[in-house]
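**Student:** Residue numbers (the numbering used here), protein chains in the order written: chain A, 11 to 314; chain B, 11 to 314; chain C, 11 to 314; chain D, 11 to 314; chain E, 11 to 314; chain F, 11 to 314.
Each hint can be trusted.
Computed cross-link-like contacts, DSS-like style, restricted to lysine-lysine with a CA-CA straight-line distance of at most 25 Å: (1) D:K183 with E:K183; (2) C:K183 with A:K183; (3) F:K183 with B:K183.
Derived by calculation from the structure, the hints in this document are not laboratory data.
Number of protein chains: 6
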Amino acid sequence: MSGLRVIAGRAGATTATGVAHGLGIEPAPCAVEEFPDGELRPRVGSMIGDDVYVVAPTGPPTSSAVVELLLLLDACRRSGAARVSAVVPYFAYARQDRRGSAGEALGARVIADVLEAAGAQRVLVVDPHTTALEAMFSVPVETVTAVPTLLDAVAGDLATQSVVVAPDLGAAKLAQRVGSRLSIGVAVVRKTRTSGRTVEATEVVGDVADRAVLLVDDMVSTGATLETATRVVLAHGARPDVSVLATHGLFVGDALARLDALPLRRVVVADTVPVTVDRSWISVRSIAPVLAEAISRLHGAVRT
Amino acid sequence: MSGLRVIAGRAGATTATGVAHGLGIEPAPCAVEEFPDGELRPRVGSMIGDDVYVVAPTGPPTSSAVVELLLLLDACRRSGAARVSAVVPYFAYARQDRRGSAGEALGARVIADVLEAAGAQRVLVVDPHTTALEAMFSVPVETVTAVPTLLDAVAGDLATQSVVVAPDLGAAKLAQRVGSRLSIGVAVVRKTRTSGRTVEATEVVGDVADRAVLLVDDMVSTGATLETATRVVLAHGARPDVSVLATHGLFVGDALARLDALPLRRVVVADTVPVTVDRSWISVRSIAPVLAEAISRLHGAVRT
Amino acid sequence: MSGLRVIAGRAGATTATGVAHGLGIEPAPCAVEEFPDGELRPRVGSMIGDDVYVVAPTGPPTSSAVVELLLLLDACRRSGAARVSAVVPYFAYARQDRRGSAGEALGARVIADVLEAAGAQRVLVVDPHTTALEAMFSVPVETVTAVPTLLDAVAGDLATQSVVVAPDLGAAKLAQRVGSRLSIGVAVVRKTRTSGRTVEATEVVGDVADRAVLLVDDMVSTGATLETATRVVLAHGARPDVSVLATHGLFVGDALARLDALPLRRVVVADTVPVTVDRSWISVRSIAPVLAEAISRLHGAVRT
Amino acid sequence: MSGLRVIAGRAGATTATGVAHGLGIEPAPCAVEEFPDGELRPRVGSMIGDDVYVVAPTGPPTSSAVVELLLLLDACRRSGAARVSAVVPYFAYARQDRRGSAGEALGARVIADVLEAAGAQRVLVVDPHTTALEAMFSVPVETVTAVPTLLDAVAGDLATQSVVVAPDLGAAKLAQRVGSRLSIGVAVVRKTRTSGRTVEATEVVGDVADRAVLLVDDMVSTGATLETATRVVLAHGARPDVSVLATHGLFVGDALARLDALPLRRVVVADTVPVTVDRSWISVRSIAPVLAEAISRLHGAVRT
Amino acid sequence: MSGLRVIAGRAGATTATGVAHGLGIEPAPCAVEEFPDGELRPRVGSMIGDDVYVVAPTGPPTSSAVVELLLLLDACRRSGAARVSAVVPYFAYARQDRRGSAGEALGARVIADVLEAAGAQRVLVVDPHTTALEAMFSVPVETVTAVPTLLDAVAGDLATQSVVVAPDLGAAKLAQRVGSRLSIGVAVVRKTRTSGRTVEATEVVGDVADRAVLLVDDMVSTGATLETATRVVLAHGARPDVSVLATHGLFVGDALARLDALPLRRVVVADTVPVTVDRSWISVRSIAPVLAEAISRLHGAVRT
Amino acid sequence: MSGLRVIAGRAGATTATGVAHGLGIEPAPCAVEEFPDGELRPRVGSMIGDDVYVVAPTGPPTSSAVVELLLLLDACRRSGAARVSAVVPYFAYARQDRRGSAGEALGARVIADVLEAAGAQRVLVVDPHTTALEAMFSVPVETVTAVPTLLDAVAGDLATQSVVVAPDLGAAKLAQRVGSRLSIGVAVVRKTRTSGRTVEATEVVGDVADRAVLLVDDMVSTGATLETATRVVLAHGARPDVSVLATHGLFVGDALARLDALPLRRVVVADTVPVTVDRSWISVRSIAPVLAEAISRLHGAVRT
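Can you make the complete structure from the sequences, with help from the hints?
**Tutor:** Below, the structure is given as structure tokens:
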């Protein structure tokens with residue numbers, strides 16, 4: 011298994027190029043045709059005996075991204091790849107790691123199952139929403155993190171007297187990790203999620219008064235969680251100087267309208283999904299170097 | 011396994027209601043929530059011990075329909091269904107039953123594999139594009155046809171001196187079947203498909219001069235095949251009186267513009283995908299009775 | 011599939027009897043022989059066409075309990091059972107739902123995989139440590155809870171001015187649920203787990219001063235977590251009147267010595283593992299009624 | 011797949027060191043932590059692209075050894091091993107290769123299935139109790155033998171006028187093999203096994219009078235079989251000079267008490283399970299060279 | 011699952027009819043067409059929801075019988091059977107339960123695997139050559155025996171002063187079982203099999219002088235084993251009055267010529283394969299009642 | 011995976027030798043023993059770490075060829091092969107790619123499934139009857155063609171004023187391909203197949219009068235299709251000068267008698283099955299070079 015190949019469909023093309031260059035190669039050729047009825051047809055080159063990494067974030071449009079990834083995996087295995095790894099910088103459906111109520115599907119497990127059915131022999135993900143994601147796969151899952159990369163972007167621009175704030179309990183561990191790295195205090199907003207789209211904040215644990223705020227979370231989706239957390243910490247006396255650090259920047263729904271209304275200094279995200287929105291306060295950092303390092307390790311090129 | 015359940019997501023709701031009523035029951039409750047990031051979350055009721063039929067055409071938007079079907083199947087099996095059958099009136103990706111050239115995916119097989127991975131224990135399809143579709147599944151596939159239903163719609167309105175025309179070789183067998191049923195002659199247009207979107211007609215085998223034309227095919231997609239075939243038969247002297255009989259009416263891309271320009275008497279399709287376009291020359295026949303009969307048989311209620 | 015059978019190995023015998031009686035039947039005969047070299051050999055009766063529920067907690071001795079369950083499942087399927095469900099009141103290895111560091115195993119997934127390999131077609135668990143447990147199984151997992159049962163035992167004996175305390179972040183949601191049910195306040199002890207056996211407490215979030223304490227957690231293992239939490243809340247002024255509510259009472263290692271030293275009013279646990287220790291402050295509630303209700307539902311006997 | 015790795019849990023550590031040294035490498039680092047509740051947690055190093063051999067006898071405590079092996083296999087595959095082979099010098103449950111009576115489990119097959127489920131891609135065993143063991147695995151099984159090694163230990167110390175005795179029919183082929191190698195006569199004790207623990211001898215086929223006895227069997231478990239056979243041959247006039255040759259020395263139950271009472275010259279066993287009992291008449295030979303040779307061959311390092 | 015169906019291809023037709031009648035039903039219709047190129051095409055009726063038993067011995071022509079069984083199983087599952095059981099009265103390749111030397115195939119396991127791949131969900135066999143056969147299947151295997159049936163045929167015609175003789179070690183247990191049932195002595199011929207077709211006898215263990223001989227074995231194949239055993243016992247003084255009891259009567263190769271030369275009183279076999287040879291000394295007993303009883307039990311019709 | 015091995019059973023021996031020589035190696039040793047009862051036992055050499063190609067056409071006797079291939083695949087995988095590819099020059103049962111009527115088996119899928127069950131990790135076929143064959147396999151299928159090889163044989167001996175004739179619709183695409191390569195016209199005979207063995211011709215589409223005929227098809231089986239087509243084109247005025255080009259030359263049933271009666275110039279076939287019939291008008295071209303090229307590519311030896 012000598013040949014290292016990095017390949018991507020449509021959404022992952024930029025990242026794949028960055029990853030390939032980080033590995034000192036060019037991305038392997040790949041075209042994905044979309045027919046008028048919405049069917050997709052990928053075409054890749056010969057991959058006989060190769061160790062192939064298919065870069066495919068599953069951000070919006072989620073369904074299309076998932077199906078495209080399935081077809082790409084199949085094309086690679088049928089083209090003779092010795093091993094096919096799915097590199098999924100943003101892993102959709104990770105929040106459906108349990109059935110919230112009877113009658114629901116286990117979305118995360120479904121995605122895991124169909125990726126394996128389509129030929130994924132290994133998976134590489136960035137900061138998945140659930141730490142149990144790897145346990146939903148039969149095949150090995152390698153998890154890497156964008157947080158150090160994002161911290162580098164934040165560290166030089168940190169307001170004095172800042173506090174790291176987790177917008178909910180789920181982000182508390184991340185906040186502690188960030189606080190520890192930056193040597194500043196941590197606070198947690200405890201909320202009650204009442205439905206899939208609306209949240210209801212309750213209280214702040216920790217001291218935020220007169221402090222600039224660094225909100226941390228794994229993703230920015232509709233911005234609702236951030237909006238609520240911001241309003242809560244402002245109500246508790248925080249300074250109207252809010253930065254956000256999050257791995258995945260989806261900015262869907264009313265996200266921009268919501269966030270435009272907040273006193274944001276900056277929102278730092280990685281490019282685990284292509285960021286197509288345009289705001290001065292958004293900073294995007296490339297995840298490619300982190301992925302390239304992981305792939306290099308998995309390919310075995312840098313064994314010591 | 012006593013309980014017979016018919017359930018549907020969004021695209022299959024109307025058909026499922028028709029099917030259920032044909033079986034003398036109500037469709038089982040099912041809601042599919044769509045989040046701002048495009049993720050879907052179905053919710054079904056308890057199905058313990060039931061024989062469940064999930065009605066889900068995979069027409070446009072294809073990817074979304076496929077993912078919704080995967081989640082629905084998973085929801086049903088985890089809710090205790092004794093057996094889950096996927097009822098897929100229009101089966102997408104059936105044209106990808108082989109790799110047209112090296113490096114492509116086997117789309118039809120991928121869809122088959124992921125449906126099984128998500129829990130489909132049996133599949134019911136209507137006039138699939140490839141007769142080999144059932145051989146791509148491990149689980150039993152039941153194939154039913156809309157052609158008699160469509161013929162009923164056509165039979166009473168047939169122009170005198172008509173000819174059944176297959177727009178390409180792939181439709182030749184269907185044309186012979188229809189011609190035999192209607193006791194009229196058959197002709198075949200031989201084309202060379204030069205790409206996924208454009209076709210190039212060549213010749214007509216059989217006599218079409220001074221005849222009204224009944225074009226038959228398994229589906230109307232962009233209308234390009236029909237347009238070409240019509241122009242060819244007109245050039246060979248056919249009367250400008252063209253009817254079309256096709257099971258699946260997708261009408262994607264420029265279909266309406268193309269077809270509006272043709273001397274169409276009528277286009278008869280089944281509702282294997284929801285037909286949302288509005289033209290006087292489109293007649294839609296319900297596939298629900300055919301599906302209800304098949305499900306009744308598969309459920310075992312009518313064993314003699 | 012008409013016959014409902016409840017069967018158990020050695021550890022689950024008492025529970026199985028309770029479950030069977032709750033269902034109005036007798037437990038099916040089953041003997042497990044243990045040879046001098048530690049190999050086990052179960053023997054069950056004929057189960058042709060039956061819907062079999064194998065009750066087998068996987069508490070200490072954990073490995074032996076796991077292997078016994080594997081053999082029991084195999085014996086049932088080879089004896090003709092139409093469906094075999096593993097009823098695992100206490101599910102071991104649930105904490106290994108992710109690899110804490112590179113090189114570890116995914117214990118929870120391993121147990122899930124081998125149960126399926128040995129023939130489990132459905133799983134029934136009580137208050138598993140991880141909510142993502144069901145996503146590690148291909149087969150449906152039914153989760154039930156002992157909390158209402160335990161609350162019934164606690165409700166009549168609640169000290170005035172009590173506070174519900176979660177001994178760590180992982181128990182916070184459970185504490186909120188209990189607090190809400192009992193209409194009393196909630197506090198959380200935030201700890202840092204420094205190794206598998208020792209914990210280091212940090213702070214209390216919420217007011218505990220002058221209050222009796224109701225510690226809640228999913229399990230009592232070595233008692234270390236409870237001991238630490240108790241010392242922390244006492245240091246913050248709580249009254250030396252501590253009750254504990256936990257589903258699984260393992261009481262392993264130095265648990266009794268640790269707990270004897272605390273001002274315990276009572277420790278209420280379910281019998282998801284056989285409780286063999288003897289202390290006046292331990293109350294054990296039977297999980298059998300909850301399991302019987304769930305099995306009755308899964309068997310389909312009570313469909314409405 | 012370049013890296014050859016030999017790794018072991020607790021029971022296989024000594025053997026693994028011997029095997030590794032025989033291959034000119036060091037055993038790969040591996041630690042297995044045992045928690046107070048009996049759960050195990052292995053930790054191995056990175057194994058990306060390696061050809062890994064997990065040495066793990068499944069002798070007593072059998073259940074714990076089996077579960078530890080399952081976890082080790084999983085840890086290796088998730089750490090990136092290109093291929094994981096289970097080296098099981100003593101394979102437990104091999105006697106359960108059929109159901110002795112209805113209602114039993116097929117223990118040998120269960121162990122085979124769960125090893126594969128946990129990631130074993132190949133298996134290497136020493137003198138398994140049943141020759142059909144390999145047919146219970148989907149993956150290739152390599153069987154090696156300790157008999158030549160044990161014979162080397164016996165050959166120089168053979169009493170004049172000896173006879174090889176099989177203590178039961180199952181050992182008859184082994185006895186013939188040994189007799190042929192040593193060029194001495196063979197006799198067989200025919201017994202009726204009346205339960206798992208007691209045996210009842212009947213007769214001796216072949217001449218043992220005035221001869222020293224070399225009893226051969228695949229394993230010494232409780233010593234009951236050997237005790238009975240010895241008493242029978244003594245009753246038939248054999249000299250009170252008995253040697254035993256057996257691959258697996260378990261010495262469980264009352265084995266030592268039983269054997270101490272016999273006129274034993276020596277008992278020669280391999281270290282397929284760690285021999286922790288201490289008697290002057292026990293000689294232990296290392297199986298490591300045989301395993302090292304087999305692994306070298308399987309790894310492909312010595313292809314000619 | 012209400013409908014009980016018994017079906018057969020070509021070789022099993024007679025047995026299937028007997029089995030069906032024993033169950034009070036008619037065999038389900040089934041035709042197997044053979045094309046000039048040797049391909050087979052079975053056709054069965056609708057089996058929706060049925061419990062189907064496919065009767066198919068795999069005697070000579072073995073390969074054709076195996077392929078026919080595979081196709082029949084597939085036809086049944088795709089025709090809607092709720093459960094498909096393979097009833098294989100004579101199970102070919104059972105002797106290949108281990109690789110006799112490196113480089114061979116595991117024929118028994120291959121047949122087991124492909125039967126499962128083609129849809130067998132349960133297997134029913136008669137006196138398989140290896141007791142470990144069931145451990146090669148994932149699905150449950152039910153083993154029944156023809157020996158009591160054959161003994162009934164022999165019992166009334168037993169010569170005075172008979173001895174039961176096992177022609178080799180492999181038949182020793184069977185001989186003991188028969189001897190015990192008939193209350194007469196047992197002897198064993200020990201042979202060395204030097205190749206697949208020739209055997210070399212060595213000695214007789216037990217007394218045969220002046221006795222009529224009842225040779226017992228699981229099968230009569232080429233008759234070579236019986237011929238050798240007969241010559242050996244005659245040389246040891248047995249009376250030239252030999253009966254044979256064997257479940258499977260294949261009579262292949264030079265079997266008839268060999269057996270015609272022996273002083274045979276009779277050869278009693280079951281019809282687990284169709285017996286087409288014609289000799290006065292061959293008695294054939296139907297296995298149908300034994301199979302019918304087993305199927306009745308497996309179908310659940312006679313649960314008590 | 012360094013070692014390239016080409017191996018064959020009985021039917022593929024000649025082709026395997028040609029393939030091996032084309033690759034610059036010798037075929038690996040392999041013997042297949044056939045016992046008097048028809049069971050087969052292959053024996054191969056050690057294949058540890060090798061990339062093995064098992065050459066095995068499945069022509070008549072079809073069943074025996076299929077079972078032999080299954081055993082060979084198993085022998086190779088259990089002998090340590092790193093990858094086992096089935097090279098099936100003629101793939102039997104390809105016509106059973108769908109159920110012609112209810113109750114039939116899906117023969118093509120059954121063969122695909124059992125090859126995978128026996129260890130095929132990749133498949134290489136020549137001109138399979140159905141283009142959807144690859145979609146019936148989970149593993150990658152590589153399809154190569156003998157047509158250029160056959161055309162080379164035909165090109166130099168082409169009668170002036172020839173026409174390429176497809177004997178039925180299924181061969182129309184092949185005829186167009188051949189006509190295009192030879193720059194001569196194409197005609198199609200449209201037939202109605204009324205049963206598996208008899209055909210009924212109807213008409214000729216295209217001009218054949220006064221032309222020599224080059225009939226093209228994927229295979230010559232019983233010759234019935236060719237005979238009918240020849241009679242039809244002669245009746246339409248073709249010259250009695252008929253050549254045939256077909257990949258697979260089975261010549262079963264009455265093929266020779268049928269073809270002897272036709273005005274055949276020559277029949278050119280490849281040796282995808284051994285051609286054992288002897289006629290002056292049969293020319294056989296070796297498929298070995300085409301297979302060698304494909305294997306070289308798949309093995310990765312010629313990556314550019």
